[in-house]
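Asks: Construct the complete structure from the given sequences, taking the supplied hints into account.
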Amino acid sequence: MKVAVVVQRYGQAINGGAELHARYIAEHLARHAQVEVWTTCATDYVTWRNELKSGEERVNNVPVRRFPVKHERDPLTFGRLSEKVFHRTHSVADELDWLEAEGPTSPGLVSHITKHAGEFDFCIFFSYRYYHAFHGARAAGTKAILVPTAERDPAAGLSIFAPIFRGVRALMYNSPEERAMIQGIAGNAHVPSVVVGVGSEIPANPQPQRFRQKHNIRGPFAVYVGRIDENKGCRELFSHFNAYLRDRVGKLTLVLIGTSILDIPVHPRIRHLGFLDDADKFDAIAASELLIMPSFFESLSMVALEAWALGKPVLANAKCDVLKGQCIRSNAGLYYESATEFAETLRAIEFNKWIAGTLGKNGRQYYRDNYDWPVVERKYLDMLQRLSYGTAPDGFEPLPGWMDRRKATCPPAAEVVAAAPGGPSSAPEMTVPRPMGPVSPPLPTRPQAATERSRPVAPPRSTQPSAGRRPQGRSRRSGQGAGAGR
Amino acid sequence: MPDFNVRSDAVNVEQIMEQIRSRIREKRGADYTEAQIQELASVKLEKFLDPRGVRSDLLEQFRRTQPPYAPPELPNFAFEDQTLFESTRGPLRFMRKLLLPILKLFFNPNPLIQALNIQSTLNASAAEREAKRDAARYAFDQLHYEVMHNLVLETTRLGIDVKNVKMRLESLASRLEFNERRARALESVVVYKPADEGKPEGRREETRREDGRREDTRREENRRDEPRRDDSRRQERQERRAAEQQSRPAPPPAAPAIAPAPAVLVVAAVPDVTAADAADGTPSQVGAPTDGPGQRSRRRRRRRGRRGSGSAAALMAGGQPSDATADGDGGSDDEGEMDESTPDQLAAAAGSDAAAEPAAPPAPVAAPREPSEPEQPQADPAATPEP
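Here the protein sequences come in this chain order: P and H. According to the working numbering, the first sequence holds residues 381 to 866 in order. According to the working numbering, the second sequence holds residues 252 to 638 in order.
Hint data in this document are derived by calculation from the structure and do not stem from the laboratory. One or more of the hints may lead you astray.
Some but not every residue of chain P turned toward chain H, in silico, with C-beta under 8 Å [to be verified]:
hint : residue
1    : I708
2    : G713
3    : L714
4    : T720
5    : A728
6    : I735
7    : L739
8    : N742
9    : Q745
Remember, predicted model here, so these are calculated numbers, not experimental data. Beta carbons: idealized from backbone N, C-alpha and C, even for Gly.
Replies: Structure follows, in structure tokens:
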């Protein structure tokens, strides 16, 4: 089976959520199928400047083909168009202009998809809201699978995306909340879908003491990992944490890990360590009492999953439905809506060790049941198998004609999203049983897919190595056969 | 740090959050989220809901600011078939009419005339329709404002009611708490004496008297042992009171409106006053509280015991009219004591006994109790005449 992964940016140094998600999926699917990545030459998601060479290269043994971006993003134009399509009645042409302004506009990538999609069984597109996903999915036709990574932001309410959600072969959601929102907006319940998410490369033996010594951190602390940005809820976090400090009851220090584009309050108990590598990040989480996730919009927080994988409780912003839903479903985290709740929940975790311990234990189990790589791989492979046996639907609805595109009939996107169903979902996410071992049945090859109608049988269990073990360290042996190294 | 009730490995995050929120509610008193608070804060009508800020003449003020509706004069024109060729000058009008066929050789003005005529008619009808609509909207505005005015009044009334109910609730809660504390204190004080049960009534009476005497003797000894550090202050205060009493007009000799108390009650009340005077060596400060409510209650119980005539209820059962001088069941101890020691009542009840006191103060019943006032020396129980 040949699978193309299409994403806006790709590389080892790129740490954006959707991009990292795409890389992990590409590298893990590469163990079961022939995977190729199609992406742009950009590394900066704000400007989309061409910073990498176009052409082919290999990243962790996965072939990557890069295409140049036609023009950089003009923030003023993009801002003006965003204001128009999000908050005013507008036309389809306005939305297409917005998409063009948002970028990364890469006609070369789209034309490559048009030419070569037929050579692949499926094209998996990441992040519905970018140029490559909209035009690329249309170019790929019935081979398009979408990983929307949709947050509850106004872009999801744009009318141009609803036909995409309805026309792709399948959708791989990150959370039940994301699925409910997209199905509410696009009415695409008939499209095959599964809530998958993504795993992470959790180290087997993190070194919390090493982190404390290296960064001279003493005493208990709560950690935040991610970009320190107002959009991520960090300003509110600082305000709430200052209120917590004023009470003088708690002893926690706030440790911030990540690049900051926001002024950080000066206080001896607020420490900013800047950007750290993965080893330090995991050591920091392992050394912490809890992880704080103040973000308002998330389709899936990988850091929260990593904290749970390391047995640490999470304190999340209840305004984010996804995080709140995950806390409730996992019983592994608390959430806050106000400064008072923030302080109380923080103290509850700080002073009740049994609560922190039990939440962490639940988190570890939740990660293992839902986001460990065998589970994620199994869900992807099952979906690919299911689609390869099924018949392709009609494809995408055509875009309106020249005149109709210019009629201002589209409602403000923010209103559309506001009307979509919200709130955390309490239904369990697990739709497939956890595989006993990391070995997955082989994917069908293309000719077999047309003739064979029965599912391949899993190899006998005696051949399976240590059942249920997580990957050790971060050594990736991409391109190996089924089950190799797992 | 408060503990949680969830004592199981199977923690329920929602349950923990509920406990945390209920604790916040207890602290803060209201279950508002930040969003709700923001929403409430942004309500413009809030200023009307303040009962002190509401204007009863809201509607009148509105009407005053809104002048009566008059339809606006919209510009329009009249256009008939001859309008184009009209002129005030006769020759010019004649020439135009003469040359009209030539003009019609170049173009046909009739459609133009027709269109402008129709436009004029349309303008007139649109203006009329607009005027009607404006009038209707004006009337609706008045109606809406009236409705809003009534709503504001009702909401304000409800707000006041809510405040009253809240205050009553607080008052009831505090009274309940006080009563609970009092009940607990009484339960801890009362000692059950089974030995008294087998004794006859007379013997029990004697025992009670003996207990009372013993207790008084003990209290007297304690008092003697007390250091006399407050003597000078007390003396000053007494002098000041005496000066105040002298400056006040003397009470009328005749008893006021209070009905005369029974002789038994007078006997029960008067010795206390006189004994206090005798012990203090000063005129009796009848209305001023002299000791704590607990002591007074004990003394009252003791007196009842000595009298052997039963409680005030028993006295009242004998058809005595004044329960103010009896042991007040309905009020608090302080109130009962004050009523008991009102000199007017005593004078009225005892006739010449209380009135014969030369320096009896003129009923300082309403004098507030000073919390820091030291205890007055109590009456010597030995000086109290036995009933």
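Asks: So, for every hint listed, does it hold in this structure?
Replies: Here's how the hints hold up against the structure:
no., hint, result
1, I708, "holds, 6 Å"
2, G713, "holds, 7 Å"
3, L714, "holds, 6 Å"
4, T720, "holds, 5 Å"
5, A728, "holds, 6 Å"
6, I735, "holds, 7 Å"
7, L739, "holds, 7 Å"
8, N742, "holds, 7 Å"
9, Q745, "violated, 11 Å"
Going down the numbered hints, you'll see the structure goes against just number 9.
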